[in-house]
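Turn these sequences into a full structure, and let the hints guide you.
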Amino acid sequence: SFAEPFALRGVAVDIEEGLTGETLRVSDGETEPAMTASEVSCGPVFCEISREGNLAGSTVVQKIRLYGALPLVEVVTELDWKGERQLQVRLAFEFDIPEGVATYESPFYAVTMPDGEMEGTYRGTGGRMIGKWVSISAPDGSFGATIATSLGCASINGPKLHMLLLRTTFSCGTPFLWYELRGRHSFRHAVLAHEGDWRRARAFRLGWEFTTPLFVVRMATARPIKPWPDAHLPPEGSLLSVSAENAVVTTILPSATREEAYIVRLFDATGEGGEAELEFCFPLSEAVEVDLLERPLCPLTFSGRRVRIKLRPFGIHNILLVPAEP
Numbered sequence: 025s026f027a028e029p030f031a032l033r034g035v036a037v038d039i040e041e042g043l044t045g046e047t048l049r050v051s052d053g054e055t056e057p058a059m060t061a062s063e064v065s066c067g068p069v070f071c072e073i074s075r076e077g078n079l080a081g082s083t084v085v086q087k088i089r090l091y092g093a094l095p096l097v098e099v100v101t102e103l104d105w106k107g108e109r110q111l112q113v114r115l116a117f118e119f120d121i122p123e124g125v126a127t128y129e130s131p132f133y134a135v136t137m138p139d140g141e142m143e144g145t146y147r148g149t150g151g152r153m154i155g156k157w158v159s160i161s162a163p164d165g166s167f168g169a170t171i172a173t174s175l176g177c178a179s180i181n182g183p184k185l186h187m188l189l190l191r192t193t194f195s196c197g198t199p200f201l202w203y204e205l206r207g208r209h210s211f212r213h214a215v216l217a218h219e220g221d222w223r224r225a226r227a228f229r230l231g232w233e234f235t236t237p238l239f240v241v242r243m244a245t246a247r248p249i250k251p252w253p254d255a256h257l258p259p260e261g262s263l264l265s266v267s268a269e270n271a272v273v274t275t276i277l278p279s280a281t282r283e284e285a286y287i288v289r290l291f292d293a294t295g296e297g298g299e300a301e302l303e304f305c306f307p308l309s310e311a312v313e314v315d316l317l318e319r320p321l322c323p324l325t326f327s328g329r330r331v332r333i334k335l336r337p338f339g340i341h342n343i344l345l346v347p348a349e350p
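Position in the sequence shown (first residue = 1) + 24 = our numbering.
Simulated from the structure, these hints should not be mistaken for laboratory data.
Hints should not be assumed to be uniformly reliable.
[Unchecked claim] Computed spacing ranges between beta-carbons, pair by pair:
| no. | residue 1 | residue 2 | range |
| --- | --- | --- | --- |
| 1 | Ser166 | Thr275 | 33 to 41 Å |
| 2 | Tyr203 | Glu269 | 40 to 48 Å |
| 3 | Glu349 | Thr236 | 27 to 35 Å |
| 4 | Glu299 | Glu46 | 48 to 56 Å |
| 5 | Glu349 | Asp315 | 26 to 34 Å |
| 6 | Tyr203 | Glu284 | 45 to 53 Å |
| 7 | Thr47 | His256 | 57 to 65 Å |
| 8 | Glu283 | Tyr91 | 38 to 46 Å |
[Claimed, not checked] List time: in silico DSS-like cross-link candidates among lysine-lysine, alpha-carbon distance up to 30 Å:
| no. | residue 1 | residue 2 |
| --- | --- | --- |
| 9 | Lys87 | Lys106 |
| 10 | Lys87 | Lys184 |
| 11 | Lys106 | Lys184 |
This one's a predicted model, so the numbers in the text were calculated from it and none came from an experiment.
Even for Gly, the Cβ is constructed at its ideal location relative to N, Cα and C.
This is the structure in structure tokens:
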């Protein structure tokens, strides 16, 4: 199955899943499971296939996009939910990767099932709280597939990934208050097939890039506003660039303890550690590694606009830096 919506009937309790075994499939009105292709369009950036169907009395519309310059498939699932109770709505991605090994993002970490998980924790039907991505790799690490998501929950059973879209249940405080989630909902996923496992393919980047896209802005939008004379941006530039492919910068913010300083937070996303060089668009006068309360840990080596730091495996690093006087 590729991006197949379906629903599971269950007993509505907040914590545990009491699934009855009844499965509702999306229908085109005659066949189940099936969706009707309603439109095919192509533009300069991507081609899109639209299809629609009915699930539990609710309309499902899917848009599947193939990009010319990107090696991924984007799936947009739109659900006009009528609120039928005691249902879990899922989106199935089932890959043909025998004995596939699943790895999912946890905050500042990547958990490989089952060895990387804590023993004795509730697992139910394979449900996991995930971050921005989940990946399935062949046992020998020769190839795999990664899904980017912003949902935060998935049921993972080997190479079968079921993304949890909706669940209609009642409140743990009173069985008379139902969370029916009526209305329109939209969910975006991206699928990337790759050589090597998630680590070798740097597949974690898909999750971060897809869920935190670039925003394009125009600085002058109306007359008589005009750009400053000779205030031209270079063909390319960046506030900050990082040399290490396994490093992810999560935030840049003003320091809470020093008015002239900034904090940069980054972490090692693969567990490989190693050296990382950060290059800024301005020269530095000071660079110190600090903890989350901005207490100094150790000075860092820097020169001009560059500062170096040694990444710990899955380590979270905070750098306090001070720009040099102009």
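Hint check:
no.	hint	result
1	Ser166 to Thr275: 33 to 41 Å	holds, 35 Å
2	Tyr203 to Glu269: 40 to 48 Å	holds, 42 Å
3	Glu349 to Thr236: 27 to 35 Å	holds, 33 Å
4	Glu299 to Glu46: 48 to 56 Å	holds, 55 Å
5	Glu349 to Asp315: 26 to 34 Å	holds, 27 Å
6	Tyr203 to Glu284: 45 to 53 Å	holds, 48 Å
7	Thr47 to His256: 57 to 65 Å	holds, 59 Å
8	Glu283 to Tyr91: 38 to 46 Å	holds, 44 Å
9	Lys87 to Lys106	holds, 21 Å
10	Lys87 to Lys184	holds, 21 Å
11	Lys106 to Lys184	holds, 27 Å
The structure is consistent with each of the numbered hints, conforming to all of them.
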